[in-house]
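Asker: Sequence:
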Amino acid sequence: MFQIDNTLISEEIIESDFVCNLNACKGACCIDGESGAPLEENETEILVDIFKDVKPFLRPEGIAAIEAQGAFVKGEDGEWETPLVNNSECAYVIFSETGIAKCGLEEAYNQGATVWKKPISCHLYPIRIREYTEFTAVNYHKWEICDPACSLGKELKVPIYKFVKNALIRKFGKTWYSELEEVAKAHKTR
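Each residue of the sequence shown is one higher than the one before, counting from 9 in the working numbering.
There's no promise every hint is true.
Stated by the list, open to error - Below, in silico cross-link-like pairs of lysine-lysine (DSSO-like), each with a Cα-Cα straight-line distance of 30 Å or less:
| no. | residue 1 | residue 2 |
| --- | --- | --- |
| 1 | Lys170 | Lys150 |
| 2 | Lys110 | Lys34 |
| 3 | Lys82 | Lys162 |
| 4 | Lys150 | Lys60 |
| 5 | Lys170 | Lys126 |
| 6 | Lys170 | Lys193 |
| 7 | Lys179 | Lys165 |
| 8 | Lys196 | Lys170 |
Hints in this document: simulated from the structure, not taken from any laboratory.
Build the full structure now, drawing on both the sequences and the hints.
Answerer: This is the structure we're talking about:
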């Protein structure tokens, strides 16, 4: 682990490679698992505020789940998360013609319907953030469904921190990310 400001960062973020391979996994991270995407407190309000703008981009099943459960729900761990359709996929997921799961929130953003891309937890994936009283932990979340992403990242030589650069800047800022790059350079020369 290493520290930048009040963040403790796993070395795996700079040592492990990762590039999403949607052709291989079909966006399984949006449809597998027992809970929705983790949400920060301020994101719950955003989801409520933008629902009417996002609704045209969502599937009927997702709309029904959101209207029944709410734009966000409290998970079993007591944390906020996105609602699910049939206890499976995220209610905000949509599918391409080729069956790849994509984010309806991000599609609405890409089409100019909103100014909010998607939950930071989704944007950062495979990085997971955990807030503690004194610090924020920045860790690599390993999941076997992402094995193709690890293989592609290794082939292309793209470490995790570079793959999620824009998300890390969104979360922590440009100065923080520049410090991370310096740490990564120094770590590589060891």
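Asker: Check the hint pairing Lys179 with Lys165 against an upper bound of 30 Å on the C-alpha distance.
Answerer: holds, 24 Å
Asker: Could you grab the alpha-carbon distance between Lys170 and Lys193 and see if it respects the 30 Å cut-off?
Answerer: Given pair Lys170, Lys193 holds - Cα atoms ~12 Å apart, limit 30 Å.
Asker: Is the straight-line distance between the alpha-carbon of Lys196 and that of Lys170 30 Å or less?
Answerer: Holds - the C-alpha atoms of Lys170 and Lys196 are around 14 Å apart, at most 30 Å.
Asker: Would you mind confirming whether the straight-line C-alpha gap from Lys150 to Lys60 stays at or under 30 Å?
Answerer: violated, 34 Å
Asker: Going straight from one Cα to the other, do Lys82 and Lys162 come out at no more than 30 Å?
Answerer: violated, 36 Å
Asker: For the pair supplied as a hint, Lys110 and Lys34, is the alpha-carbon distance within the 30 Å limit?
Answerer: Roughly 9 Å between the alpha carbons, so the hint for Lys110 and Lys34 holds.
Asker: Within a Cα-Cα threshold of 30 Å, do Lys170 and Lys150 meet the stated pairing?
Answerer: This hinted pair holds, its Cα atoms lying about 17 Å apart.
Asker: For the pair we were handed, Lys170 and Lys126, check the Cα-Cα distance against 30 Å.
Answerer: Holds, because 19 Å separates the two Cα atoms, which is no more than 30 Å.
In summary, the structure is inconsistent with hints 3, 4 from the numbered list given earlier, while agreeing with the others.
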